[in-house]
Structure formats: C-alpha cells, structure tokens
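Trainee: Chains A and B, in that order, give the protein sequences.
The opening residue of the first sequence carries number 8 in the working numbering; numbering runs sequentially from there.
The opening residue of the second sequence carries number 8 in the working numbering; numbering runs sequentially from there.
One or more hints might be untrue.
Repeated chains share a single entry, so a pair holds when one copy, or any two copies, can fit it.
[What the hints assert, rightly or not] Dumping the calculated BS3-like pairs for lysine-lysine here, alpha-carbon to alpha-carbon at most 27 Å: (1) K313 <-> K33; (2) K128 <-> K11; (3) K123 <-> K107; (4) K211 <-> K11; (5) K313 <-> K128; (6) K24 <-> K107.
Simulated from the structure, these hints should not be mistaken for lab results.
Predicted model only: the values in this text are computed from it and were never measured.
Each chain, written out:
Protein chains: 2
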Amino acid sequence: MTTKIDIQSTAQMLMAKDNILILCHKNPDGDTLGSAAALCHVLTAMGKQAVVACHNRIPAKYDYLNIPVWDGVSEIDYVVSVDVAGVNLLGDTLSDFAHKIDLCIDHHGSNGEYAKCLCLKADYPAAAQLMYEIICEMGVEITPHIADCLYTGLITDTGCFKYSSTTPRTHEIGARLMELGAHHTMLVEKFFMSKTRKAVMLEKYMLNNLEYYYDDRCALLVLTRETILEIQPDPTDLDGLSSMPRDFEGIDVSVLIRPLREEGSYKLSIRTGENVNACDIAAALGGGGHLRAAGCEVVGSIETVKKAILKEVENALCQ
Amino acid sequence: MTTKIDIQSTAQMLMAKDNILILCHKNPDGDTLGSAAALCHVLTAMGKQAVVACHNRIPAKYDYLNIPVWDGVSEIDYVVSVDVAGVNLLGDTLSDFAHKIDLCIDHHGSNGEYAKCLCLKADYPAAAQLMYEIICEMGVEITPHIADCLYTGLITDTGCFKYSSTTPRTHEIGARLMELGAHHTMLVEKFFMSKTRKAVMLEKYMLNNLEYYYDDRCALLVLTRETILEIQPDPTDLDGLSSMPRDFEGIDVSVLIRPLREEGSYKLSIRTGENVNACDIAAALGGGGHLRAAGCEVVGSIETVKKAILKEVENALCQ
Numbered sequence: 008m009t010t011k012i013d014i015q016s017t018a019q020m021l022m023a024k025d026n027i028l029i030l031c032h033k034n035p036d037g038d039t040l041g042s043a044a045a046l047c048h049v050l051t052a053m054g055k056q057a058v059v060a061c062h063n064r065i066p067a068k069y070d071y072l073n074i075p076v077w078d079g080v081s082e083i084d085y086v087v088s089v090d091v092a093g094v095n096l097l098g099d100t101l102s103d104f105a106h107k108i109d110l111c112i113d114h115h116g117s118n119g120e121y122a123k124c125l126c127l128k129a130d131y132p133a134a135a136q137l138m139y140e141i142i143c144e145m146g147v148e149i150t151p152h153i154a155d156c157l158y159t160g161l162i163t164d165t166g167c168f169k170y171s172s173t174t175p176r177t178h179e180i181g182a183r184l185m186e187l188g189a190h191h192t193m194l195v196e197k198f199f200m201s202k203t204r205k206a207v208m209l210e211k212y213m214l215n216n217l218e219y220y221y222d223d224r225c226a227l228l229v230l231t232r233e234t235i236l237e238i239q240p241d242p243t244d245l246d247g248l249s250s251m252p253r254d255f256e257g258i259d260v261s262v263l264i265r266p267l268r269e270e271g272s273y274k275l276s277i278r279t280g281e282n283v284n285a286c287d288i289a290a291a292l293g294g295g296g297h298l299r300a301a302g303c304e305v306v307g308s309i310e311t312v313k314k315a316i317l318k319e320v321e322n323a324l325c326q
Numbered sequence: 008m009t010t011k012i013d014i015q016s017t018a019q020m021l022m023a024k025d026n027i028l029i030l031c032h033k034n035p036d037g038d039t040l041g042s043a044a045a046l047c048h049v050l051t052a053m054g055k056q057a058v059v060a061c062h063n064r065i066p067a068k069y070d071y072l073n074i075p076v077w078d079g080v081s082e083i084d085y086v087v088s089v090d091v092a093g094v095n096l097l098g099d100t101l102s103d104f105a106h107k108i109d110l111c112i113d114h115h116g117s118n119g120e121y122a123k124c125l126c127l128k129a130d131y132p133a134a135a136q137l138m139y140e141i142i143c144e145m146g147v148e149i150t151p152h153i154a155d156c157l158y159t160g161l162i163t164d165t166g167c168f169k170y171s172s173t174t175p176r177t178h179e180i181g182a183r184l185m186e187l188g189a190h191h192t193m194l195v196e197k198f199f200m201s202k203t204r205k206a207v208m209l210e211k212y213m214l215n216n217l218e219y220y221y222d223d224r225c226a227l228l229v230l231t232r233e234t235i236l237e238i239q240p241d242p243t244d245l246d247g248l249s250s251m252p253r254d255f256e257g258i259d260v261s262v263l264i265r266p267l268r269e270e271g272s273y274k275l276s277i278r279t280g281e282n283v284n285a286c287d288i289a290a291a292l293g294g295g296g297h298l299r300a301a302g303c304e305v306v307g308s309i310e311t312v313k314k315a316i317l318k319e320v321e322n323a324l325c326q
C-alpha cells in the first residue's frame, strides 16, 4: 500500500533518515542522475551517509555530477528511488529492491505506486523540478555543484525548455539555479550543442538513405549491419536518430529499423506526430511504449519486417 | 551625435510620440520582427499610429505576429529602429532613413551609433528582452499576443535558452511571458521542432559537402548558386545552416559562404565556439557581429574568397 505524500512531508522524512541509498532507473538519463546526485550531495552535506545505485555503469558524460556510487556492501537503512516510474525500470541488478523502496520521488503519471511513500508531481516536466522544491523545503544551501545537478535534470528532460511540459515555474527554477551558480553554458553545450562525429556520420547516412511512404507521411530508415560496424554508434546516438525524421515537415510516422545481435532479428523504433499513436503501431507487432515513442522487436528478413511495419503504419494513418 | 539613453527615458520618449515608424533589419529574424511587432502593438493599444517597415517582405512564417506594415505613404513623425546594429543592415529600400532615425533600440555591442538616441543593452541576449523591459516601464498591459511577439524574439535569439548569452533574467522573462499567455508549444514547435523540406535538403547538402580545415577545427560550406536555385531555401533555413557545424565535436569555427545576387560577391556567415571570436574574423574582412556569430560580404572569385576567410580563421585559431 503506497501512501502519497507532499513535498513538505518528503523533506521531513528525508531529514529524519540516515544511511540512505538512492536508486536511479536503468539506461539512466540526465534527470534520474542529476536529481539523484543533487539529493545525495544535499544529504551528505547534512552529515548523513548517502550513496547512489544504478543498474548500468554511469556514462562518463556524467562524471561531473561526481556521484558517490554504492559499493553494494555498506549499510543501508532507507531506500529512495528517483525518477523511476516502475520497478521493472530498476534493472536486473537492483531488482532485489523492488519491494523494499521506502520513498519514491517521481514525475511520471504512469507511476506504478510500488514504494511505501510516493511524492509524485505528474505535471512537472522533470524530477529535478520536484527535487529542487524538496531541497528548498529541507532548507539546505544549494551550492553551485548541486545547482549543476538539478539544472542537468531540468534541461535534459525538457529538451532545454522546448517540450510542451515546460511551465513558467520551470523557467523560474532555471533562473534561480543559474543565479545559484549552475554552469549554463557548459551544461547546454554538453547536452545540446555538441554532436559527436558518430552522430554526424549517422545523420548523414540517415539523410542519404531515408525512404518515404504514404504520400511522404512516413519516413523509414534501415540501419544496416555494415553501417553499424562502420560507425559503431553509441546507444544515445541511435535514440536521437529515430526521433529526427518525425520533426520533418509532413512526417507523421518515423520508423528506424536496426538489426539485433541475432541474425534475422530487428529492433524497430517508432516515433509519431501528435495525430498518430506510436504505441498502437508497436503493440500490433508485439511491442509497446508511449503515445509518441514506442518500439518492438520483429523476426524475419528485412523485406518481411519492412512489409509488416509498413502495413501497421498504413493502418494507423488511415484512422 | 548619438545620445545614449536608459530604459526609463526610452519608455518616456516613446509615450510622448505619435505617427511612429518602426524599422527592422534586412533578412529579418524572429527577434527584430517580434520586438518590432510587440512595440507596434503596444503603441497602437495606446491610441497612437504605429507601423513597421522592413527591406524584405516579411516571411509567411511570421504571419501570426500580425505586423501592420507601412504603406510607404502615411505620415511619419518619429522613426525607431529595433535590433538594427548599423544602417547598412536596413537594406536598400530603407536606406533613405539612415540619417533620420530618432531612436535605436538594440542589443548588439557593435552598434554603429547612427540614431539620435540609442537604448543599448549589449549584455542582453535578445532585443526582445530589452523591449519587454521598455514595455513594462511604459506601464502598458502585455496581452497574450504581445507576449507571443516577445517570446518569439527571446527564443529565436537564444536558440530556445541554449546560447551562452542566456541569463537568469532571460528565464525570468520567459516565465513571465508564459504566465501572460505566450503560446510556448506553438512557438517552440514552429521555430525548433519542425524542419521544412528545404531545410532537410540543405542539411543533406551540407553533410555531403562540408569541407574541414586546420585539424578539423574549421568546417566550411560553400553553397553554390546551382544548389540555391535547386532548393530555393528561405533565408531562415540558411541562418540555421550556418550554425549547425559549429555544434559538431571538435569544430571551433564554422563558415557558410553563399553567393549574393551580384555575380562575384559572397555573403559569409561565421559561427564560433567559446574560444574563438567570430566578430574579429568578420571584422578583418569588413564585417561585424557578435562574439560567436558574425558575418561579412566579400567580393572576388570563390577561390579567393575561401582563401581570404581561411587565412583569417587560421589567424584566429592561432591566438
């Protein structure tokens, strides 16, 4: 049974605890890591023991967050998950904690209510916005480093104040964090103004090989095994690639097909504009996801896989 | 002789005048148009006659600003330029006004001090940020439509709060304009989340034709007359194109060379990373601009133009 609690109670609860483990979601992004890091540094500054755990190794890109990672041994008395909508998102190495989470701090409307206490703000664009308010409530000083952690979450989950989830309050907190010393330029350049060589190569490949269907309402890209071997892209590069054609004028559905490790097996990423349900398309092929971003895995030759997904796209476009 | 005036005096001056013509810079962008539109609507709401003029036809993309364009005939008693750093940026059709500008409202450090009065805030990322403060000083209601005009200037000149010129105050004004009714999602999608077919074609051309110099620290693109004739890009597409390679890993200077109407004459757009001064490079070839975004026009064959700019880039990279 999950008890829903407000920001004040959350702050009080955290201030009363010690030996705290903070859990991030698997395949971590800037919001789960930035929010967890901010909380961890705040608790440490209060003289408490606090550490962070994540199923995946934390990408080098986030080294500046300076996250103290749990050694898996030291004593834990209180477990907090941050930006984790469901226990399945903890990942295998943290699955033992699934039913032992004392407090969940989250902003996903789809939260699975798995923790003893839940502080949820589904209308907040980032967990970092909620974490900022919890930290303010705790009355702890927000150092420039903590401001960096929170600003990281804020900008990565809003596409740098672009997504429609952005609110006036998001801008206000952005202003406040900059005043507190967040390194705006460094962070924005890291996440939004630096395209790796691999990402540039992928984009070039995409523009030269994109196929158009259904009166150019569907853009489909097949990433061949040869191209992947040649470019050796990072997973984050591929995520960006699948969304790109969706923002092209007239495109309602964007599909990226890439080979999985097993020969004859493909991963499909589906991204849609506001009038088409990506989750429905993916579900028809055994997958799932969100309204505008979904995925599935399909077995077959590249021809049959293309035929299968295009049929589902056609169905979706006809609705 | 130019008199520098503050925000208060600017507001008082505007409130005392009537039959006002507001001038934008040529090849207008969201900041010059959004700021001019906001001022025009505010003056009109005060019962004054106010109109806007621009050398170019205002692109259809900006129709929602609902700008009352000067008919070229109606009486003008007071001329205000907005976001116009120098008289050469007025364009031929407005060159008659070069020495008749009563007030200039600008945020370019390189302002040519051509107007009788100048309200300049060189540390503001957008003219719209200054215009917001002038309008607040005038004590006029900021309607949702005026908020849209100002938010347009704010997001287009900061790359949606990405550029290093963004300050806490920029975020505060962003918050305030959203509260006042600015249509954040509509504006952000229009300027940052929809790529026209022409823009996609240009990007493909860019990725296939980009030249690299100086240990790949400089990326240079020559847009040929043939490509322009084939794609027929909008000026706004070209603006985006010049900034793109700057964000590629390792690139310190990005140069876009495009032919001007007159044979043998080229427009160069220079974009730089934080360690290189774009304005210095442009100034060496008779141009100007900002620290990280500048431009110039050079006469010659494409070979001599390339040689000239690459020499200046080399100088800048050696510093």
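Trainee: Are the hints correct? Go through all of them and say.
Mentor: So, going through the hints one by one against the coordinates:
no. : hint          : in the structure
1   : K313 <-> K33  : within (25 Å within a copy, 47 Å between copies)
2   : K128 <-> K11  : within (11 Å within a copy, 48 Å between copies)
3   : K123 <-> K107 : within (8 Å within a copy, 71 Å between copies)
4   : K211 <-> K11  : neither (46 Å within a copy, 49 Å between copies)
5   : K313 <-> K128 : neither (34 Å within a copy, 55 Å between copies)
6   : K24 <-> K107  : within (15 Å within a copy, 70 Å between copies)
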